[in-house]
Amino acid sequence: MDTQAMDAKMGAGGSAKPFEGEGIIRVDNLNLYAGKTHILKNVNIEIPKNKLTVILGPSGCGKTTLLKCMNRLTDLTPDIKVSGNIYIRDQHTGELPVFGAKTDIVALRRKMGLLSQRPFPLPMNIYNNIAYGLKLRGKYTRAELNDLVEYYLRQVNLWEEVKDRLRSPAVRLSIGQQQRLCLARGLAVNPDIILADEPTSALDPVSSEAIEKQFAALSKDFTLVMVTHVLRQARRIADYVIFMYLGEVIEMRPAQEFFEDPREEQTKKYLSGAFN
Amino acid sequence: MEQRSLAEVRALVKSHEKPARTGRKLGEEIFFRSLMNIASVLIVGVMGVILVSIFYKGISTFSWSMLTEDMGSGFYLNRGGGIKNAIVGSLYLSLSATLLALVVGLACALCMNVYMVKFPKLLNTARFLLDLIWGVPSIIYGAFGFSLMVFFGVKTSLLAGIITVALFILPIMIRAIDEVMKTVPTGLSESVLSMGSTRSELSYKVYVRQCFPGIVTAVLLAFGRAVGDAASVLYVTGENSKTPTSLLDNATTLPVAIYNQINSPYAATQDKAYASAFVLTLIILLISLLSRYISKRYQKYRIY
Ligand SMILES: Nc1ncnc2c1ncn2[C@@H]1O[C@H](COP(=O)(O)OP(=O)(O)OP(=O)(O)O)[C@@H](O)[C@H]1O
Ligand SMILES: [Mg+2]
Chain A
3 MDTQAMDAKM GAGGSAKPFE GEGIIRVDNL NLYAGKTHIL KNVNIEIPKN
53 KLTVILGPSG CGKTTLLKCM NRLTDLTPDI KVSGNIYIRD QHTGELPVFG
103 AKTDIVALRR KMGLLSQRPF PLPMNIYNNI AYGLKLRGKY TRAELNDLVE
153 YYLRQVNLWE EVKDRLRSPA VRLSIGQQQR LCLARGLAVN PDIILADEPT
203 SALDPVSSEA IEKQFAALSK DFTLVMVTHV LRQARRIADY VIFMYLGEVI
253 EMRPAQEFFE DPREEQTKKY LSGAFN
Chain B
130 MEQRSLAEVR ALVKSHEKPA RTGRKLGEEI FFRSLMNIAS VLIVGVMGVI
180 LVSIFYKGIS TFSWSMLTED MGSGFYLNRG GGIKNAIVGS LYLSLSATLL
230 ALVVGLACAL CMNVYMVKFP KLLNTARFLL DLIWGVPSII YGAFGFSLMV
280 FFGVKTSLLA GIITVALFIL PIMIRAIDEV MKTVPTGLSE SVLSMGSTRS
330 ELSYKVYVRQ CFPGIVTAVL LAFGRAVGDA ASVLYVTGEN SKTPTSLLDN
380 ATTLPVAIYN QINSPYAATQ DKAYASAFVL TLIILLISLL SRYISKRYQK
430 YRIY
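Chains A and B, in that order, are what the protein sequence lines are.
Each residue of the first sequence is one higher than the one before, starting from 3 at the first, in this note's numbering.
Each residue of the second sequence is one higher than the one before, starting from 130 at the first, in this note's numbering.
Think of the hints as simulated: they come from the structure by calculation, not from any bench.
For glycine and all other residues, C-beta sits at the position ideal for the given N, C-alpha and C.
Just to be clear, a hint being listed does not mean it is correct.
Unchecked claim - Over 10 Å on every C-beta distance to chain B, these chain A residues come out as not near it, computed from the model:
| # | residue |
| --- | --- |
| 1 | Asp77 |
| 2 | Thr95 |
| 3 | Phe101 |
| 4 | Leu124 |
| 5 | Pro125 |
| 6 | Tyr142 |
| 7 | Glu162 |
| 8 | Pro171 |
| 9 | Val173 |
| 10 | Asp223 |
| 11 | Asp263 |
As the list claims (entries may be wrong) - Computed list of lysine to any residue pairs in SDA-like fashion (alpha-carbon distance at most 20 Å, straight line):
| # | chain 1 | residue 1 | chain 2 | residue 2 |
| --- | --- | --- | --- | --- |
| 12 | B | Lys334 | A | Lys222 |
| 13 | A | Lys222 | A | Asp241 |
| 14 | B | Lys147 | B | Glu157 |
| 15 | A | Lys137 | B | Val337 |
| 16 | B | Lys250 | A | Thr76 |
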């Protein structure tokens, strides 16, 4: 399928496409119920490739749930029902449905890293935390592994801090260091998309800024989707903003427009701090 | 309540407040603390008396030849011989049974915690049933194994004992591992899966590592039950006054040997029961120390 035909198709189904260029994730009429609670309501969005898209919204509006749908972590929760679908665009195979009987969940998740609010390093040493992700996808010699581990640790500015204790348990790192380690581990899996759920909320200001800078830099090569509650952070690094309220997407706009000229009533209230 | 100011509510709560650690409260605390202390002293004391008497009486009747000689025909009749056959029999039996139960039990516990997360009701039922089975006395397993053997016309053997004991310790193994695996943070599973790991990689590379100390404890618990249990194997392994050389041989175990020694009409043989108990205790002690050493090496990697 060529890009134009796909664009046309993406334009259909009522999905908003507020950007030029290529989209990579298309959420199509997604509804999610947990038990009888309607958590996501008719979500239609598209996420641009190699840009940083921030999801904003008051607590409990379904941001985390939406992220978890994208890589099917919802599979771990009992009693969840989903209708509609999410499509991941792939140059070779066209659009890949996320919810589908034939979907290869492992392949899907390899395309999408997830950085959670609290870092969860693997119960191994620092070196193996990175090597694990590499070894998942291929065979490497010891020397290649050493090089790559160093490369990814440097990517997240962690190398200097840990180079002398690569064999010590990852849990002994500080929380900020652990979060950077998790980011490096996620990068080592070589995904196209990185989902991040309030990745800086458990961190001190310095580590938080380090992660934030990383994200800004990574958005050249990766598609980033980040949830945050820090408006100033969103202003600093977002290319696009999705605003959610009570399980619905209220608007999705380029960041500058969004902050300077919010269209919807709820957005204005949110930006003026009425919900916080 | 809604209309009241915070100050009013705080005053209300304050007016209900009991003085901290004076009067009845203090008495209660002293009472329960002394109860706890008495209980601890009792437990430690009783354990101490048992251990000391086993060690004291055991060492005095212990001789190295007990470890190197089989019972032969006249051990219970005070005609010499040792308990090598029972020691080796017990080790063969309980180590193999523990290994068997570990392989099956680990798979079950992983299945419950990694694969069955979507079905909490089924999971609860499974846990409930396993807890029930845990309470079934081991003699029932022995009798069950024995009746099966009679039905199929199989002779008593070490192998039959291993299978019976493995079945008997399996629920202990599963539930002990399961309890530890329940504590694995969901966030850890989510992170690992979202890297594109399969569920079996999540199981064997992450769960097993994360829960390693707990798995060791479960193995220890199960091994302790296996090595110390006389009843479940009484009918199924038969008895053997020589060291078993194949899985199809009969085997005598230490607890059964101790039981028979105590029932012997000769005082000297009865005393040797303490030496046998001493050996049994030493085996458990060694295994405990070994497993503590192993689990310590992995403890430090645990995520919490
Ligand atoms: N398994 C579940 N069962 C029932 N309700 C759930 C479940 N998971 C989430 N919810 C509900 O769905 C809503 C959205 O939750 P979600 O975690 O996505 O919010 P959020 O936008 O990420 O909030 P926050 O900013 O506080 O993290 C909440 O009201 C939550 O209580
Ligand atoms: Mg959230």
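Outcome of the hint check:
Non-interface call for Asp77 of chain A relative to chain B: violated, since the shortest CB-CB distance, roughly 7 Å, does not exceed 10 Å. Under the 10 Å C-beta cut-off, the non-interface status given to Thr95 of chain A relative to chain B holds; the minimum distance is some 17 Å. Taking the minimum C-beta to C-beta distance to chain B, about 15 Å, the non-interface status of Phe101 of chain A holds against the 10 Å cut. Not every beta carbon of chain B lies more than 10 Å from that of Leu124 of chain A, the smallest distance being close to 6 Å; the non-interface claim is violated.
Once the 10 Å rule is applied to beta carbons, Pro125 of chain A is inconsistent with being away from chain B; the minimum gap is 4 Å. The Cβ of Tyr142 of chain A sits about 16 Å from the closest Cβ of chain B, beyond the 10 Å cut-off, so the non-interface label holds. Chain B leaves Glu162 of chain A outside its interface by the beta-carbon criterion, the shortest separation being 23 Å against a cut-off of 10 Å. Not every C-beta of chain B lies more than 10 Å from that of Pro171 of chain A, the closest at about 5 Å, which undercuts listing it as non-interface.
The beta carbon of Val173 of chain A sits about 6 Å from the closest Cβ of chain B, which is not more than 10 Å, so the claim that it is off the interface is violated. For Asp223 of chain A, the condition that its CB be more than 10 Å from all CB atoms of chain B holds, with the nearest at approximately 18 Å. Interface exclusion of Asp263 of chain A from chain B stands, the closest Cβ pair being 35 Å apart, more than 10 Å. Distance restraint check for Lys334 of chain B and Lys222 of chain A: the Cα-Cα separation of roughly 33 Å exceeds the 20 Å cut-off, and the hinted pair is therefore not satisfied.
Proposed proximity of Lys222 of chain A and Asp241 of chain A is supported: the alpha carbons are some 11 Å apart, at most 20 Å. Taking the CA atoms of Lys147 of chain B and Glu157 of chain B, the gap is about 13 Å. The hint holds against a cut of 20 Å. For the hint pairing Lys137 of chain A with Val337 of chain B, the CA-to-CA distance comes to about 18 Å; that is within 20 Å, so the pair holds. The hinted pair formed by Lys250 of chain B and Thr76 of chain A meets the criterion: a straight-line CA distance of about 18 Å does not exceed 20 Å.
Against the hints set out earlier in the document, violations occur for numbers 1, 4, 5, 8, 9 and 12.
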